[in-house]
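Q: What follows is the residue order along each chain.
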Amino acid sequence: MEDQEILQRIKKRDERALEYLYKKHYKMMLNMVVKNSGSEDEAKDIFQDALIVFWEKVTGEAEFVLSAKLSTYLYSICQNLWRKELERKTRNSGEMVENSEVIDHDREERENIIQKCINSLNESCQQILTLYYFEKMSMGEIAELMGLSNADTAKTKKYKCKQELDKTIKLHYQAGDFLD
Amino acid sequence: MTNNAKEMLDNYLMGKLSPEEVSSFEELLKSDPKLANEAILQKDIIEGIAVARRAALKARLNNIEIPKAAWYSNPKTIGFGVGALAFVLIAFLLLPTKNAPVPVKEEVISTAPTFTEKETNTEVITQSEAPQNEKAPKEAVASTSKPKVVANLEKPKQANVTAAAEPTIASASDNEDGVSKKSDEVEGMNTPNTSASGPKTLNAETISDNPTFNYHYKRNDTRLTLYGNFSEKTYEVIEINGKNGTTFYMYHNGNYFALPTTGSEVKPLSPLTDDATIKKLANLRKRK
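Chains as they are written, first to last, in my numbering: chain G, 1008 to 1187; chain C, 447 to 734.
Incorrect hints may appear among the rest.
[Said to hold, decoys possible] Computed footprint of chain C on chain G, listed as stretches where at least three residues anywhere in the stretch have a Cβ under 8 angstroms from a Cβ of chain C:
no., segment
1, 1013-1025
2, 1057-1063
3, 1076-1086
4, 1139-1152
Please keep in mind that the hints were generated in silico from the structure rather than gathered at the bench.
These figures come from a predicted structure and were not determined experimentally.
We treat Cβ as the ideally placed atom computed from N, Cα and C, and that holds for glycine.
Let's have the full structure, built from the sequences with the hints guiding it.
A: Structure (structure tokens):
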């Protein structure tokens, strides 16, 4: 597959393009991480994260243009992510600085509640909210992808799903005393 | 909060407001603590949706089987690799020439038939004694007195002789030959099985536009449903008849997949990683 074809596929949210890139460039990224003090599992993790970053860039920016070969672009994302990871490891292996990492338990709890509430939605609600808020697709595109009659139908469905999610989260927040 | 305000907040967080609208909305946020709190909550929810989606994408990538790095790519394993090579060499020199067949690893597929040396011999005799005439051996093999002719991964060459020579025949007797190989283009793929020893033929269909399943499959005794794009690269179903029944594998785009039954459940297609099985399946394919 040519770079442009891959980009087009990702713009259409075809996840197989991501899988193709993963298989095609895995060894290159593995070499980079392993040669720089990493393990194979770390390489896998970093490359998966890099591909998701790439996916978000392509789907999130309407005018996204590759400034280099796709493999070079992915390699540089991997390099940056791995550099950050090495810095984080170095920080953690150094002397512990008091209060360097204050764990916000409330925040963690709130994030858990949100994830639970998202998972409790039915599949089509999860899909439409993901397509709108993460994939940043228009209502027309969502309607086409989900087989809904038109953009207005998609908009109504998205509104109802979001309302349901908000309501469930607020109920859980109240129970956990998170709301002011 | 009014629906209008909710929509405004949503558009603000999604970056859909003009610079002027952003300025005036931010003024509103400063003067309305309730709205400001709602904005924080909505921002967290949108981030939560992103977190869930990233996790799903990551899980999908994580399910892709990639062969482990070659031992020689890591200096730490070179010593081990050399040692293993020496061990194999010594074992080869010391063992008698009549090697026992290597069993198929259980982890490859739970329903894989057990292959024994005895069965292997039976198969070899059946094949070697088979006359060149095309019809006669098939009828003999399909007879009820000998319903369980072994599909032979240990001796793929023999097992594959008849099937490979006549890949377009998908009759029950052909299935009983041991291994028959089919593709979505091979004539007779949908021929119903008439063997008394259980189902041997799968009706295959592909669904390329399922929004949820991509590169997944569902299989029962008679039907195989493949989800994903199988139109660009032809897939091939490899059927192996063994002591414990028929086992199906698939070849697609350079990978081999085990296809155990899933009932009504749809499962992801994960490439096999066991080198020995892959090699044997590749040998079967070569003899097409």
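Q: Work down the list of hints and note, for each, if the structure agrees.
A: Against the structure, the hints:
| no. | hint | in the structure |
| --- | --- | --- |
| 1 | 1013-1025 | holds (count 3) |
| 2 | 1057-1063 | holds (count 3) |
| 3 | 1076-1086 | violated (count 0) |
| 4 | 1139-1152 | holds (count 5) |
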